[in-house]
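Quick note: the sequence shown uses this note's numbering, first residue 92, plus one each step.
Hints were generated in silico from the structure; no laboratory data involved. Be aware that one or more of the hints could be misleading.
As the list claims (entries may be wrong) - Derived pair list, reagent style BS3-like, types lysine-lysine, alpha-carbon separation capped at 30 Å: (1) LYS122 with LYS110; (2) LYS157 with LYS122; (3) LYS187 with LYS142; (4) LYS156 with LYS110; (5) LYS156 with LYS122; (6) LYS110 with LYS157; (7) LYS122 with LYS207; (8) LYS236 with LYS187; (9) LYS171 with LYS110; (10) LYS236 with LYS110; (11) LYS110 with LYS142; (12) LYS198 with LYS110.
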Amino acid sequence: MFVIISLASCQKEETTNDKPIYDAETERMWKALDGSYTGTFYVMHSDAVWKTETVVFTPASEPYKKSGCDVFGTATIYTKYGSFEDTGNYYYEFTKHNSERIIIFYKTSSMFSSYKYNIADVTESSFRMWDYGLTEEENSITYFKD
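Throw the hints in and build the complete structure from the sequences for me.
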């Protein structure tokens, strides 16, 4: 009995090769976003800069699953409000709700902490993004490749 239990406990745990399932538009976006993009947030209809944000995308060679999420790569987000600066490291995932494209950033230190944004007009040189749940009008910021 001891030998059977010992052999059973030494068996290799089976790994899953689950890979995300995604459509052609998601693949296009994943491959287009590579490098550093900067967006500027202005104070309500003025030329005054509220903050700047730079997102540096590093796409994965192949999308993969992590903690139940579809990871398409990593992103470092640098935010500057006047003299205050913040840097965060994230995994990112693309998803779709109805016809809206969404990008979710998960903190690399905790997949339970995330930020969700609508994303549109993705090209290799720019994209638009705004907080999920807000209207696109007056909330959309265009990020341009540095």
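Here's how the hints hold up against the structure:
1. LYS122 with LYS110: holds (16 Å)
2. LYS157 with LYS122: Holds, at about 19 Å.
3. LYS187 with LYS142: holds (28 Å)
4. LYS156 with LYS110: OK: LYS156 and LYS110 at ~6 Å, within 30 Å.
5. LYS156 with LYS122: At roughly 17 Å apart (the allowed maximum being 30 Å), LYS122 and LYS156 satisfy the hint.
6. LYS110 with LYS157: Distance ~10 Å between LYS110 and LYS157 Cα, so the pair holds.
7. LYS122 with LYS207: holds (20 Å)
8. LYS236 with LYS187: Judged against 30 Å, a Cα distance of about 24 Å means the pair holds.
9. LYS171 with LYS110: violated (35 Å)
10. LYS236 with LYS110: This hinted pair holds, its Cα atoms lying about 29 Å apart.
11. LYS110 with LYS142: violated (37 Å)
12. LYS198 with LYS110: Since the Cα atoms of LYS198 and LYS110 sit roughly 20 Å apart, the hinted pair holds (cutoff 30 Å).
This entry does not satisfy hints 9 and 11, going by the numbered hints stated previously.
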